[in-house]
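Taking the hints into account, I'd like the entire structure generated from these sequences.
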Amino acid sequence: MLHNAENFASHFFVLGNPMIYGADVSILLVIFGIVFVLTYYKKWGWLWREWLTTVDHKKIGIMYLIAALLMLFRGGVDAILMRTQLIMPNMSFLKAQHYNEIFTTHGTIMILFMAMPFIFAMMNIVVPLQIGARDVAFPYLNAISFWLFFFAAMLLNISFVIGGSPDAGWTSYPPLAGITFDKGPGENFYLLALQITGIGSMATGINFFVTIMKMRAPGMTLMRMPLFTWSVLAASIIIIFAFPVLTVALTLLLLDRLAGAHFFTIFDGGNPMMYVNLFWMWGHPEVYIVVLPAFGIFSEVVATFSRKRTFGYASMVASMIAIAVISFFTWVHHFFTMGAGPGVNSFFAVATMIIAIPTGVKVFNWLFTMYQGRIKMHLPMLWAIAFIPNFAIGGATGVMLSVAPADYQYHNSYFLIAHFHQVLIGGTVFGMLAGMYYWWPKMFGIILNERLGRWAFWFFNIGFYVCFLPQYWLGWMGMTRRMYTYSTGMGWSLWNFISTIGAYMMGIGFVFIVIEVGYSILYGERDLTGDPWDGRTLEWSLPSPAPHYNFARIPEIAGRDAWWTIKEARRKGDPVVESKPFKPIHMPNDSGRPFVLSVLFFVFGFSMVFTWYPLAFVAFLGILISLILRSFEYHTDHTLSVEEIRHTEEAYGRV
Amino acid sequence: MAMADFLVKAPSAGRGPIEYTHEDDALRIFGFWVFIATDMVLFASLFATYAVLYRHVGHGPGPLQIFDVTGFATETFILLTSSFTCGLSTYSMHRGQKGWMMAWMVVTILLGISFISFELSEFITDVAQGATLQTSAFLSAFFTLVGTHGAHVSLGIVWMTLILIQLAIRDLTPTTARKAFVVSLYWHFLDIVWIFIFTIVYLLGEMS
Chain A
99 MLHNAENFAS HFFVLGNPMI YGADVSILLV IFGIVFVLTY YKKWGWLWRE
149 WLTTVDHKKI GIMYLIAALL MLFRGGVDAI LMRTQLIMPN MSFLKAQHYN
199 EIFTTHGTIM ILFMAMPFIF AMMNIVVPLQ IGARDVAFPY LNAISFWLFF
249 FAAMLLNISF VIGGSPDAGW TSYPPLAGIT FDKGPGENFY LLALQITGIG
299 SMATGINFFV TIMKMRAPGM TLMRMPLFTW SVLAASIIII FAFPVLTVAL
349 TLLLLDRLAG AHFFTIFDGG NPMMYVNLFW MWGHPEVYIV VLPAFGIFSE
399 VVATFSRKRT FGYASMVASM IAIAVISFFT WVHHFFTMGA GPGVNSFFAV
449 ATMIIAIPTG VKVFNWLFTM YQGRIKMHLP MLWAIAFIPN FAIGGATGVM
499 LSVAPADYQY HNSYFLIAHF HQVLIGGTVF GMLAGMYYWW PKMFGIILNE
549 RLGRWAFWFF NIGFYVCFLP QYWLGWMGMT RRMYTYSTGM GWSLWNFIST
599 IGAYMMGIGF VFIVIEVGYS ILYGERDLTG DPWDGRTLEW SLPSPAPHYN
649 FARIPEIAGR DAWWTIKEAR RKGDPVVESK PFKPIHMPND SGRPFVLSVL
699 FFVFGFSMVF TWYPLAFVAF LGILISLILR SFEYHTDHTL SVEEIRHTEE
749 AYGRV
Chain B
146 MAMADFLVKA PSAGRGPIEY THEDDALRIF GFWVFIATDM VLFASLFATY
196 AVLYRHVGHG PGPLQIFDVT GFATETFILL TSSFTCGLST YSMHRGQKGW
246 MMAWMVVTIL LGISFISFEL SEFITDVAQG ATLQTSAFLS AFFTLVGTHG
296 AHVSLGIVWM TLILIQLAIR DLTPTTARKA FVVSLYWHFL DIVWIFIFTI
346 VYLLGEMS
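Sequences listed follow chains A and B, in order. Mind the numbering: the first sequence is residues 99 to 753 in this note's numbering, read in order. Mind the numbering: the second sequence is residues 146 to 353 in this note's numbering, read in order.
Think of the hints as simulated: they come from the structure by calculation, not from any bench. Quantities reported herein were computed from a predicted structural model and do not represent experimental measurements. One thing to keep in mind: the hints can contain errors.
[Unchecked claim] Which residues of chain A face chain B? A partial, calculated answer using Cβ under 8 angstroms:
| hint | residue |
| --- | --- |
| 1 | Ala235 |
| 2 | Ile304 |
| 3 | Phe307 |
| 4 | Leu356 |
| 5 | Ala359 |
Beta carbons are placed, not taken as given, at the ideal position from N, Cα and C, and that holds for glycine.
Shown next, in the form of structure tokens:
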């Protein structure tokens, strides 16, 4: 009996690695710390009422932001560990298996649990405010999306102390990821965590598509929408058509692993390349899902800090839609080496080159927006400007990779690694940080400290080039991705050393951001105007942070840059007075069910990982019951009276 | 939900079908259409997988050995009929005839159950002949594609039953009408998917 228990525990928990023990201890300490603080300050009720049960898009956005920053930390630690292992030849800091696990979780976390929640954070916080809406179309579903993402992230993260991390790369290609070559539960963690967060992402895509199509304030036609909202609309369309393909790819691989199916096995007719195709049919659009909202943020930031209208609005919109469409026709460029033949490879090579054109149009539009503008170099603008050379290099190397015959040389080399980090960090991460700095006052009423922010910026930006430019060289010199070590005579030592120094600099940059946030919460400048940057779009017409119903009166939109137009009229001495009377507002009720439902999904996923089918069945029943209870719930909203609204608005000094 | 009071009202508001009475409900119906788009992509991916793998029979039986014309023809007939009765239910709803509406829903549910029973017995026969999910890539793809459709139909049966109960308790209101309308959209969608399964899986399988 005791022996059985020991045997179980030795497989269930990851044992024998001092770094993992360290992680175990730190996880326990953090949990105890959180429980202690919440209990000591009697905050459990507050946590439940204000956050865990909320359906307010602004609070959900803030939770996405916190989760994304935590995951940026986790993925960043993975990166630092990998670069430390590669700093010199023949290092034995990490073992081969450990290295495999770390590059797998690094990629998975950065794409699905950092980039995705970061864009969802921005979408949630900003889109309803920009279009003059009081919430998203389906606030309850929005809460479900968040909690599914959150518990999926927990499910993936728990794998490195329980059961073992996935180790077949973030793309998880069979047959390597199949049951024959990868028996442990690690890949199951990957498949189930992605499946659960994928459901949430799909719901978010539907939610924002409906919100933007149907809930804009009167007068806001499509071509009057702020460009960030446009970018979210384009990203939502891609989510709607791309994520179901991921769902299928993951399900089929899971069936292979758990039910003995033969989709991607080598024998009995399976075809591993089918998985690769399905994965990238989602995977390529996915990179545009995470980069388009960043483009939208740059458009907002550049216009605001240049104090000019965006140059070429219509071409901005057209290029985003073009990117959204063409993004579905480039997937094969991830595996030109599959050998699909010259016809197929040419088609996808040309499509890939074509998609660079609308991206180029956008870069020129940002430059022309800045041209002759009165540029103010605040933090968001700094990140936006740094993005442009970064993305130019990343775009150029992308076009190099798209040349199918040449790609046989670059394929899976560090050249590719350098390229996609350049576009994903230079595009998405720079964009999200710009957005975070830009909208932080709107979220919290605090302006982040400029001085510390500049330290973070320069460390991160210079560190970025120091880290990734040498990797282009390394790729040319033949270093392939996912190598856990290399020998002295390869001539790679110097460049690897430099690259690791760059990674440490980026790490220091991140630490500065953390310090900056902490410092600003304590001592930072408070935003009392609601419009600290002299903004152009509707979110800046509201106090910071915005009241929970957003708009006391729904604004009437007369043109693009709605808030700027109102301010211009006021500057000319035409006081645009809000004289319409307040009307009662319907607001959705808070609900604890999205949280409970997602806990059940977590239990379901966890028991499927270990093939504990009875428990999985119980959790599945629980999920069904939660859905049925919702179906029978009819009192899902309440009404705010005119007195309450007037009271709140008076507190803001806005009556 | 929050937004009813500021959505621009269509000129026909108040005179449209009952399920579109409130802006809130209209929003949900639109959202469900978008959901159907995602579900369509899901089935499209499964069809693509099937198309790639259906000749990969390994050592197992091929389509000709396991498809039973009477069986799948009956299933098709039953499911298409259920779509018709589901349409009749919506028609009765628009005429305000709650009794007929519920009656046609009951017929739809019964047809759905008999469809699922036929499909299950087909699957059981296949498995008894040694044609299982584990046999070959073709059979993995077949069972997953047809099984996913079957799972959707089963969910639809449970869902429609729940709506039926709510109709009985809460009467025909704009909200219950919206719920019934949405489940009927779902039902018709599954019917369309079945037409593709009938054509691509069964008819092409018989021709192979």
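Margin query: Quick check on Ala359 of chain A please, does its C-beta sit within 8 angstroms of some C-beta on chain B?
Written below: Cβ of Ala359 of chain A sits 4 angstroms from chain B, so the hint holds.
Check: Should the interface hint for Ile304 of chain A be scored as holding, given a Cβ-Cβ cut-off of 8 angstroms against chain B?
Finding: holds, 5 angstroms
Check: Does the nearest C-beta of chain B fall within a distance shorter than 8 angstroms of the C-beta of Ala235 of chain A?
Finding: holds, 5 angstroms
Notebook entry, point to check: Once the shortest beta carbon distance from Leu356 of chain A to chain B is found, is it less than 8 angstroms?
Noted result: violated, 11 angstroms
Next item on the list: Return the status of the interface hint for Phe307 of chain A: holds when the least beta-carbon distance to chain B is below 8 angstroms, violated otherwise.
Entry: Holds: closest Cβ of chain B sits about 6 angstroms from Phe307 of chain A, inside 8 angstroms.
In summary, the structure is inconsistent with hint 4 from the numbered list given earlier, while agreeing with all the others.
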